[in-house]
Amino acid sequence: MDMAVMERGNKTFSIILTFCIMFAFWMLLSAWTVYLVEPYDLFIVSSKGILAAIIVSFLTYEIFVPSRGENVILKLRRFIPYVGWELWQIYLATIDVAKRVYGILEVDPQIIEFDTTLRSDFALVTFGNSITLTPGTITIDIEPERGRYIVHAIAKGPADSLTVDQTMQKKVGHVFMEE
Amino acid sequence: MLAIDVVATMFLAAGAFFMITGTIGLLKFPDFYTRMHATGKCDTLGQILIIVGCMIYEGFSLITIKLLLVSAFYLLAGPAGGHALMKAAYVTGLPVWKKGDKRM
Amino acid sequence: MIITFLVVGIIIASTILVCSYRAIYGPGTFNRIVAANVIGTKAIVLLIVVGYIIERPQFIDIALMYAVIAFMGTIIIAKYVERGELCSR
Numbered sequence: 008m009d010m011a012v013m014e015r016g017n018k019t020f021s022i023i024l025t026f027c028i029m030f031a032f033w034m035l036l037s038a039w040t041v042y043l044v045e046p047y048d049l050f051i052v053s054s055k056g057i058l059a060a061i062i063v064s065f066l067t068y069e070i071f072v073p074s075r076g077e078n079v080i081l082k083l084r085r086f087i088p089y090v091g092w093e094l095w096q097i098y099l100a101t102i103d104v105a106k107r108v109y110g111i112l113e114v115d116p117q118i119i120e121f122d123t124t125l126r127s128d129f130a131l132v133t134f135g136n137s138i139t140l141t142p143g144t145i146t147i148d149i150e151p152e153r154g155r156y157i158v159h160a161i162a163k164g165p166a167d168s169l170t171v172d173q174t175m176q177k178k179v180g181h182v183f184m185e186e
Numbered sequence: 393m394l395a396i397d398v399v400a401t402m403f404l405a406a407g408a409f410f411m412i413t414g415t416i417g418l419l420k421f422p423d424f425y426t427r428m429h430a431t432g433k434c435d436t437l438g439q440i441l442i443i444v445g446c447m448i449y450e451g452f453s454l455i456t457i458k459l460l461l462v463s464a465f466y467l468l469a470g471p472a473g474g475h476a477l478m479k480a481a482y483v484t485g486l487p488v489w490k491k492g493d494k495r496m
Numbered sequence: 042m043i044i045t046f047l048v049v050g051i052i053i054a055s056t057i058l059v060c061s062y063r064a065i066y067g068p069g070t071f072n073r074i075v076a077a078n079v080i081g082t083k084a085i086v087l088l089i090v091v092g093y094i095i096e097r098p099q100f101i102d103i104a105l106m107y108a109v110i111a112f113m114g115t116i117i118i119a120k121y122v123e124r125g126e127l128c129s130r
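Protein chains in written order, with our numbering: chain A, 8 to 186; chain B, 393 to 496; chain C, 42 to 130.
Read the hints as simulated data drawn from the structure, not as lab findings.
Certain hints may be false.
Some residues of chain B that are not near chain A, with every Cβ distance over 12 angstroms (derived) [as the list claims (entries may be wrong)]: (1) 395; (2) 401; (3) 402; (4) 450; (5) 451; (6) 483; (7) 494.
Within a straight-line C-alpha distance of at most 20 angstroms, the following computed SDA-like cross-link-like pairs (lysine to any residue) qualify [said to hold, decoys possible]: (8) 120/C to 483/B; (9) 420/B to 120/C; (10) 490/B to 165/A; (11) 83/C to 464/B; (12) 420/B to 114/A; (13) 178/A to 90/A; (14) 458/B to 67/A; (15) 83/C to 59/C; (16) 83/C to 406/B; (17) 458/B to 97/C; (18) 120/C to 69/C; (19) 82/A to 178/A.
Here are the simulated distance ranges between beta carbons [said to hold, decoys possible]: (20) 117/A to 59/C: 36 to 42 angstroms; (21) 488/B to 129/A: 26 to 32 angstroms; (22) 124/C to 178/A: 33 to 39 angstroms; (23) 460/B to 178/A: 23 to 29 angstroms; (24) 85/A to 128/C: 35 to 41 angstroms; (25) 24/A to 65/C: 33 to 39 angstroms; (26) 450/B to 69/C: 39 to 45 angstroms.
Model, not experiment: these values are computed from the prediction.
Just so it is clear, CB atoms sit at the ideal spot from N, CA and C, and this is done for glycine as well.
Can you make the complete structure from the sequences, with help from the hints?
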């Protein structure tokens, strides 16, 4: 089930949605187990939360709700197994760095550059974050026009797994439908 | 000692071991870029393991949700801060260490 | 169980002391910024562990606030070193 293209600039809807999410978050953090004697107590306890949620939602409603997007629900459903794969990669990355610290593997750093086929903001940032969490590589710079990444690798093995194998480009391209 | 205490102690010990490894890497590596590799990855995972150990010890209450928020925030913010520092150093022109140079 | 938290707290505190060698001696600006960032990360963990030792759960809120502020500080310093000014208008 795909969602249709959202119209841009719907101001009242954005403010109300931001206010609801901020107030629910405040209630979760502060007033979860308050002992309520009568309904008047609920208003006294939550008046500070309503005031804070109104101020924050008036200042930040443009950033919180995106003004346009296509196929949001399908992308969200493919995103969650990708997060699980990434947590496993964090664990492998830390074991790799521990081996290099204690002298089992060697340290031989180099800088590489390559191009990809991703163009939208969210896909570029997700791929850059994944390169930082993979064993042996950190992103240095991104150019949005050609999808060009400059990456610092700590040895020859991790550098080859980015340019020659290209496993991660295929995974991110599958999640965001290869834009 | 209950079973929950033993599991929580294992997570805490693993987290402390990864934090010690990160600090030894900070002293031992020869260049700014390689030190960023060591701290950006080892510190993040060590912190997540210690907080998961505390969450297992606590059970299921409001404090568990707050600890989950701290660890989820740091999982997103730690590598992003490291990447910002690395970009600032590369654009300003800090020299990169090749194999066989002097320590800097 | 309180012995485990005491041992972990002492290990993290001694790691902070070892890390300050890089903050004092590291040649150049960038090594000192990295050491300050690492000390900030370990301080968040130390706050939570101390909250468990003396049995007051309010320390976790302080740790959450400090994590947000330390992240903001790192990004502001990186932006200033890269451009030479903060507000380009």
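Against the structure, the hints come out as follows:
| no. | hint | result |
| --- | --- | --- |
| 1 | 395 | 23 angstroms, holds |
| 2 | 401 | 20 angstroms, holds |
| 3 | 402 | 15 angstroms, holds |
| 4 | 450 | 15 angstroms, holds |
| 5 | 451 | 15 angstroms, holds |
| 6 | 483 | 8 angstroms, violated |
| 7 | 494 | 15 angstroms, holds |
| 8 | 120/C to 483/B | 11 angstroms, holds |
| 9 | 420/B to 120/C | 28 angstroms, violated |
| 10 | 490/B to 165/A | 16 angstroms, holds |
| 11 | 83/C to 464/B | 16 angstroms, holds |
| 12 | 420/B to 114/A | 11 angstroms, holds |
| 13 | 178/A to 90/A | 11 angstroms, holds |
| 14 | 458/B to 67/A | 23 angstroms, violated |
| 15 | 83/C to 59/C | 12 angstroms, holds |
| 16 | 83/C to 406/B | 15 angstroms, holds |
| 17 | 458/B to 97/C | 14 angstroms, holds |
| 18 | 120/C to 69/C | 17 angstroms, holds |
| 19 | 82/A to 178/A | 13 angstroms, holds |
| 20 | 117/A to 59/C: 36 to 42 angstroms | 30 angstroms, violated |
| 21 | 488/B to 129/A: 26 to 32 angstroms | 30 angstroms, holds |
| 22 | 124/C to 178/A: 33 to 39 angstroms | 34 angstroms, holds |
| 23 | 460/B to 178/A: 23 to 29 angstroms | 26 angstroms, holds |
| 24 | 85/A to 128/C: 35 to 41 angstroms | 40 angstroms, holds |
| 25 | 24/A to 65/C: 33 to 39 angstroms | 49 angstroms, violated |
| 26 | 450/B to 69/C: 39 to 45 angstroms | 43 angstroms, holds |
When the structure is compared with the earlier hints, violations turn up for hints 6, 9, 14, 20 and 25 and for no others.
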